[in-house]
Amino acid sequence: MLKKIAQTLGLGAFALGAFATTTLRAEDTVKVGVLHSLSGTMAISETSLRDVLLFTFDEINAKGGVLGKKIEPVVVDGASNWPLFAEKAKQLLEQDKTAVTFGCWTSVSRKSVLPVFEKNNGLLFYPVQYEGEELSKNIFYTAEAVGQQATPGVDYLLNELGKKKFYLLGSDYVYPRTTNLVLKEYLASKGIPESAIIEKYTPFGHTDYQQIVAEIKQFGASGDAAVVSTLNGDTNVPFFRELANAGIKSEDIPVISFSVSEDEFRGLPTKDLVGHLGAWSYFMSVDTPANDKFKKDFFAWIEKSTVPGIEKKGRVTNSPMVLSYVGVYLWKAAVEKAGTFEVDAVRAALESGVSFDGPGGKVTMQKNHHITKNVYIGETLADGQFKILKSYEGVYGEPFLKGTFGKK
Amino acid sequence: MSHPILQAEDVTKTFDGFRAINALNFYLFPGELRTVIGPNGAGKSTFFDLLTGRAKPDTGGIEYSPVPDTPATDLTKLNEYEIQRLGIGRKFQTPSVFAEHTVFTNLVLSLKGPRGVFASLFHRLDSAARDRLDALLKLVRLDDKRHWKAGLLSHGEKQWLEIGMLLASEPRVLLVDEPAAGMTDEETHRTGELLLSLAGKHSIVVVEHDMSFVKQISINGQVTVLHQGSVLCEGKFDDVQSHPKVREVYLGRGKN
Amino acid sequence: MLRFLLTLFYGFALWAGCAVAAESAPAVAPGRAQLLAALLAPPAEQVAAIRGLVGVEDAAITPALTAWRAGELYLVPLPDGSRVPATLAPAPNGGEQLVALSVLDGTAIPDPAAAPGSATPLLIAPKSLKPLDTTAPLRRAMRDVLEVAGVADPSPSVRRESIERLGQSRKPEHLPLLQARLVIEKSPVVRTALADAIAFIQLADSSHTVRLAAIAALGEAHSLAAASRFKELLAATPPPPPDETAALTAALKKIESHWKTVNFFGDLFRGLSAGSVLLLIALGLAITFGLMGVINMAHGELMVVGAYSTFVVQNLFVSVFGATSTAFHFYFIAALPVAFVAAALVGLALERGIIQFLYKRPLESLLATWGVSLALQQTFRLVFGPANVQINAPAWLQGSAALNDVLFAYNRLFVIGFAALVVFGVWLALNRTSLGLLVRAVMQNRQMASCIGVRATRVNMCTFAFGSGLAGLAGACLSQLGNVGPGMGQLHIIDSFMVVVSGGVGNVLGSVVASLGIGTVDQLLQPILGAVIGKVLVPFAIILFLQWRPGGLFPTRSRSLD
Amino acid sequence: MSVPAKLSDVEPRFFTRAQWASFLLPTLVLALVLPLLNAALPAEHLLRPSDFTLNLYGKYATYAVLALGVDLLWGYLGILSLGQALFFALGGYAFGMHLLLMIGKDGQYKSDLPDYMVFLGYKALPAHWEPFYSFSFAAAAVLIVPALIAFVFGWLAFRSRIKGVYLSILTQALTYAAALLFFRNDFGFGGNNGFTDFKRVLGADLNSPDTRRGLYVASVLLLAGVFLLYRWLTRAKFGHLMQAIRDGENRVLFSGYATARYKLFVFVLVAAITGVAGALYVPQVGIINPSEMTPEKSLEAVVWVAVGGRGTLLGPILGALFVNALKSWATRAAPELWLYIIGGLFIVVVLFLPGGLISLPAKFRSFWVKLRSKAPAAESLAAGH
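Protein chains in written order, with this note's numbering: chain Y, 1 to 408; chain D, 1 to 256; chain E, 1 to 562; chain H, 1 to 385.
Calculated from the structure, these hints are not laboratory results.
Hints are supplied without guarantee of correctness; some may be wrong.
For lysine-lysine, the following DSS-like pairs were computed, each having C-alpha atoms within a straight-line distance of at most 30 Å [to be verified]:
| hint | chain 1 | residue 1 | chain 2 | residue 2 |
| --- | --- | --- | --- | --- |
| 1 | D | Lys77 | H | Lys163 |
| 2 | Y | Lys184 | E | Lys260 |
| 3 | E | Lys260 | Y | Lys217 |
| 4 | H | Lys163 | H | Lys105 |
| 5 | Y | Lys70 | Y | Lys296 |
In silico contact screen, one side only, chain D against chain H (beta carbon under 7 Å); selected entries [stated by the list, open to error]:
| hint | residue |
| --- | --- |
| 6 | Glu100 |
| 7 | Ser120 |
| 8 | His123 |
| 9 | Ser127 |
Where a beta carbon is used, it is the ideal one built from N, C-alpha and C, also for glycine.
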């Protein structure tokens with residue numbers, strides 16, 4: 001028994017030792033956290049963000065770093081496990097003492113680390129479109145808010161395509177629910193009656209869209225209906241397959257998706273998606289010199305990168321990646337403006353409105369921690385790219401939209 | 001004749017169309033030591049299953065009346081542990097003891113007493129129980145192996161242990177399935193003596209194949225021959241042995 | 001398959017049409033000039049220019065606009081500065097270069113550099129040209145043109161589709177065109193569509209009797225589009241006259257009851273198809289778990305092996321035959337045996353490496369195979385990347401057939417048929433082969449079987465590999481229905497365990513009945529309760545069902561203790 | 001036949017003196033010394049366990065309680081439940097409801113309602129939430145809710161004698177169905193996002209080092225208490241019956257015991273205790289969401305037990321610590337490879353170390369004995385020729 005106890009203690013010591021291996025802090029580097037899921041269900045999306053962040057750090061380091069210090073990335077795996085995200089956040093802030101952290105994809109992961117960042121007064125940059133309804137002094141949301149993606153998208157359906165009936169289809173979680181709440185208010189304010197809206201949710205990992213598509217086909221028989229999809233991840237494949245097999249074409253019933261970007265197209269039968277719509281603050285097809293350079297440099301970096309687990313073939317860029325990228329540059333600009341890495345000063349500098357000319361156009365940090373950015377509406381091409389149909393410039397980021405479209 | 005303590009009337013049980021027990025009638029009287037013989041597949045084990053609640057008959061009734069002139073209990077409505085608690089204990093064909101437990105613990109778990117969850121939680125062995133356990137250990141000759149894991153005992157010792165467990169629960173009726181299997185001649189003989197000594201106090205049904213053993217224990221009692229799920233004949237050992245039908249279906253096979 | 005033949009037929013019809021047009025075109029016809037102007041117009045004026053083509057009769061317009069909409073139209077620049085709209089096709093001599101077929105006359109554009117009068121076609125390097133842009137407004141304009149033109153299209157199905165659209169647009173100006181067509185139309189299907197479309201437009205007719213007749217006709221035709229229009233009309237202020245209201249209500253009722261029937265049969269079909277998918281997934285498990293008693297948590301990953309095999313075969317076909325070749329569409333047939341073999345081999349390795357040591361500890365095989373499942377997932381991630389991979393369905397698995405308004409998707413039909421085939425195969429293998437006999441012997445009593453000389457090791461190996469191969473087949477089929485990625489195996493594993501348990505462990509027939517039952521119940525519940533509740537209820541229902549039959553639907557009875 | 005090992009009988013001593021010592025020493029170190037060092041020493045002191053470490057150990061302690069429950073059911077009673085994470089999460093949710101209400105008006109919307117209710121348009125707090133303002137009610141719910149679910153499920157399952165693989169798959173189905181239910185926003189428990197951003201417990205600031213230390217100590221004491229309770233259970237006649245049920249349920253039935261009731265009792269007891277662990281887990285990690293009740297979580301707990309050594313009480317604790325420490329370390333040090341490390345560990349343990357880590361010393365010892373007994377034999381052999 002004693003021996004067994006001793007064993008336990010030894011094991012504890014091992015664990016302690018593992019955590020105590022904080023590397024020597026060199027004076028000429030600054031530690032920056034990367035907190036994404038590299039395994040588990042979310043790895044499918046988040047791995048690309050890790051890649052682009054490492055690229056950005058290298059790009060900055062090649063030009064001398066930030067305030068003369070090289071960025072030293074600390075990459076941790078949240079493993080699609082939310083309590084683990086919180087643990088990793090604590091580790092980054094309390095053990096590694098990172099100056100800033102870039103990370104999270106799902107809202108729940110952000111929610112799980114939020115208290116940690118607030119308690120330790122850390123800085124988190126969050127890059128993925130989300131439902132809003134949150135404002136933390138320790139988080140900067142480079143992400144698209146509902147007003148920077150969903151409402152412009154629906155605007156396009158209303159004004160450009162003249163749609164009058166809407167099928168709101170989403171995965172059953174907070175982002176689709178909240179987005180659809182806002183959209184219903186928005187549609188009501190545009191004179192669309194409640195009877196012309198159907199709202200449906202399917203569980204995570206749902207694989208059978210036969211029913212939904214049959215319903216959409218009948219709903220859209222009148223020719224003036226559109227689908228607004230907030231389906232996430234994997235569920236898009238069976239959905240679009242079913243849609244195509246039922247003979248529903250984008251000219252008849254267009255689908256606008258808010259969670260399908262170029263990265264997701266890699267795993268989608270894009271021929272089935274031709275003509276369906278997307279709305280993001282960046283498309284890979286944005287034709288600007290800044291974007292050309294970004295793409296060229298990033299692909300070159302991928303090509304020669306030796307980071308384990310980096311996929312080399314068929315890489316694309318998309319909005320969450322670019323929003324991660326501009327997040328790093330906004331932070332850099334703020335640090336340089338403040339002249340220090342100290343969180344309060346950097347926050348003040350960010351809130352004062354730093355700007356960066358990113359691949360998707362100019363972005364400016366607002367006082368409310370969201371960024372002003374361009375919004376593009378595009379339609380899917382057979383090669384998995386978006387063709388830009390319409391762009392809205394300098395759209396203000398507003399996290400609290402619910403209730404703002406009420407009675408006018 | 002007195003009232004039977006255990007009676008089965010017109011009992012039938014089929015498994016997937018196979019009639020394991022077919023219109024069986026069986027009566028056991030208090031204090032009797034009954035031996036049941038029959039070829040493989042005659043339905044002996046199924047019969048025990050029906051008596052102990054492990055299987056339910058398709059038709060027919062099984063009644064138990066330990067106290068004369070009180071209403072009998074319908075065993076077909078009860079499950080295994082309820083029947084055991086009424087005082088019907090069973091020893092299985094292949095010795096089933098708790099292999100991971102010591103001989104002593106095996107007996108403790110079988111000791112008569114409250115069987116509830118909380119009784120087990122707060123159970124303490126009093127000195128009377130310890131004395132009784134010591135006596136039992138001596139009876140089944142496992143006194144010096146009381147701390148052995150039961151799984152390590154020889155086949156015969158396991159049989160003894162299981163008989164000991166059966167006795168520990170102080171049943172009125174003992175159903176004993178092939179107690180002599182795997183025993184040396186000497187052990188077999190002693191088992192027979194033990195069973196004979198228990199008769200009178202308990203009512204006992206023994207299923208057995210070993211004819212010399214059957215002869216030994218049926219010295220005062222009746223032998224029942226089962227064949228194809230029903231009783232072929234019943235009587236004294238010698239009568240049964242000379243019964244032509246029995247010779248034909250059962251003993252006759254042994255000669256070839 | 002049907003679809004594939006149809007595609008071939010369309011292609012042929014189109015070519016025939018072009019050939020005829022080429023012969024009968026002495027010079028650039030006025031319609032053709034207008035088309036050319038529209039194609040070359042600056043973007044801002046293109047929409048109007050295309051709309052100008054509505055009703056213009058010219059054989060070149062339809063193929064030109066069809067190609068443009070599909071993003072297959074190119075403007076071929078000539079040395080004289082002019083540009084000729086054309087589609088690209090493989091050169092007859094089979095070289096790398098493509099020939100440009102002018103959409104104006106369907107003939108190959110002659111090489112201007114060659115001697116005048118010679119028939120040398122202009123050759124164009126692949127990817128040197130970009131297809132002509134389209135936008136949604138442009139495509140809508142093209143659609144309008146094509147719809148009107150489509151009314152006279154040689155293909156009945158094109159005629160029908162165009163006519164339906166014209167009807168829904170409810171523009172009175174199309175009425176004469178449709179009525180004129182009705183006089184000469186021969187195909188009964190198209191005649192029905194014409195009648196519907198005319199009635200739809202006549203709903204707004206000035207004559208009361210015409211309107212009443214239109215309402216009755218649409219009710220008779222079970223038009224869904226009409227139903228929503230009827231609702232609008234009924235809700236309008238001021239309301240229609242009483243007899244019209246009555247007619248509308250009656251027609252609406254008729255339409256709705258028809259669609260109720262359609263949806264019921266649709267649900268049944270969807271249930272059958274969902275059940276078949278479950279069955280395919282569970283069948284392998286019914287062998288490895290049901291018969292052998294191995295809890296293989298990596299079963300889902302074996303399906304993924306099958307799905308990735310399909311992906312690899314697809315890519316192989318693309319690189320060998322090209323993505324547009326006829327041969328490509330048969331990649332899926334070739335992928336099925338590959339998927340089976342690949343998964344079977346992985347299964348074999350799994351059995352030899354781990355499971356053979358755990359036959360006596362089934363619950364522990366669960367843990368070890370879970371470890372395998374994690375490692376395999378990470379392997380997929382490292383080999384094929386963390387993202388899903390793209391699988392393109394062959395033409396014959398796309399689209400659907402409609403029977404009395406009930407849709408039968410080809411891929412679903414295929415899965416149902418394939419599942420039936422696999423079940424039959426499994427039944428044959430287990431009951432009609434000597435291996436099957438050995439399998440059943442070993443599964444019933446491993447020790448006894450090896451005592452009587454059955455080589456239990458080998459039988460175990462083969463059985464496990466067979467079950468794994470079935471998982472691979474399921475994975476290949478799933479690749480045509482859903483996504484293919486490192487985590488796809490996890491989506492189905494619990495469902496399939498539940499199927500096997502509720503069917504009765506050790507009984508393949510039980511799994512068949514259970515999966516079809518679960519699939520149908522789920523699909524019938526979905527319209528009432530929504531997708532999520534249906535999914536929640538199924539496990540609870542199974543728990544309650546096992547109360548009633550603890551051994552599953554078809555329990556294996558045994559007389560042994562425990 | 002070799003001389004059989006002497007096994008303990010029905011009523012041996014609960015602990016020998018040495019055992020008491022080896023139980024109390026680590027308990028004291030973990031529950032008293034570490035937190036004292038953490039509180040007293042300056043931040044950068046070499047001997048000071050960091051807040052992060054304490055927090056992590058507190059989390060592991062609650063995991064260890066979960067693992068002990070799995071082991072009591074699996075190692076002692078023979079029921080492999082693949083749904084234990086459900087009870088852990090239910091306890092977490094019950095306590096999370098209280099914590100969520102304790103946020104008060106400090107949430108995003110400065111409303112009395114929890115944030116997610118505000119933006120999903122709730123007008124008032126649902127009636128079944130009201131009592132959760134009371135700490136004692138929430139504490140009772142932490143015990144009762146998991147126990148109740150366990151009771152209903154267990155009663156149904158054990159009554160109809162579902163066992164073995166069937167039972168494992170059914171428990172898995174149960175937790176899967178529950179996870180799907182909690183994922184639904186309409187179910188009213190925050191859907192996928194679950195509960196987060198707790199501020200205080202019993203009036204104490206959850207972010208203050210003192211509160212966090214308190215939670216850590218509570219977790220360690222819970223683990224120690226549960227260890228003692230389970231030890232008592234497994235030593236009593238009751239414990240012997242559990243193992244008898246595991247080894248031969250039918251024999252126990254024929255000995256007159258209503259085995260279903262025994263199973264139900266343990267199943268419910270373990271569910272309630274696991275619920276308490278879940279309740280302590282939530283304020284320490286700061287989030288509870290439905291992915292905590294997915295089947296994978298339950299499987300993980302089973303793996304901890306298998307790795308540590310089932311059928312012993314120290315094994316699961318060891319396993320929970322070891323696997324989680326490994327995971328914490330590997331997700332930082334080798335994000336691309338850690339699934340191989342963990343997956344490989346399961347395989348190796350199952351194949352080569354069925355007794356788990358706890359059996360390692362004995363294995364080494366027997367290996368050592370063999371080595372020593374062989375060596376002279378080899379020498380003598382060599383000398384002979």
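Quiz item: Is the hint on His123(D) kept, meaning its closest Cβ partner in chain H is under 7 Å away?
Solution: 4 Å, holds
Quiz item: Has the given pair, Lys77(D) with Lys163(H), been kept, meaning a C-alpha gap of at most 30 Å?
Solution: 23 Å, holds
Practice problem: Assess, step by step, whether the Cα of Lys163(H) is no farther than 30 Å from the Cα of Lys105(H), and give holds or violated. | Solution: 49 Å, violated
Quiz prompt | Holds or violated: Lys260(E) to Lys217(Y), with C-alpha atoms at most 30 Å apart | solution = Holds: Lys260(E) and Lys217(Y) sit about 14 Å apart, inside 30 Å.
Quiz prompt | Cut-off 7 Å, beta-carbon criterion: hint that Glu100(D) touches chain H | solution = Result: holds, 5 Å to nearest chain H Cβ.
Exercise. Below or equal to 30 Å on CA atoms is what counts here, so check Lys70(Y) against Lys296(Y).
Key: Given pair Lys70(Y), Lys296(Y) holds - Cα atoms ~23 Å apart, limit 30 Å.
Quiz item: Can Ser120(D) be said to touch chain H, with a Cβ gap under 7 Å?
Solution: Result: holds, 4 Å to nearest chain H Cβ.
Quiz item: Do the alpha carbons of Lys184(Y) and Lys260(E) lie within 30 Å of each other, as the hint requires?
Solution: 28 Å, holds
Quiz item: Is the hint on Ser127(D) kept, meaning its closest Cβ partner in chain H is under 7 Å away?
Solution: Given a least distance of 13 Å, the restraint on Ser127(D) is violated.
Of the hints listed earlier, those the structure fails to meet are numbers 4, 9, in rising order.
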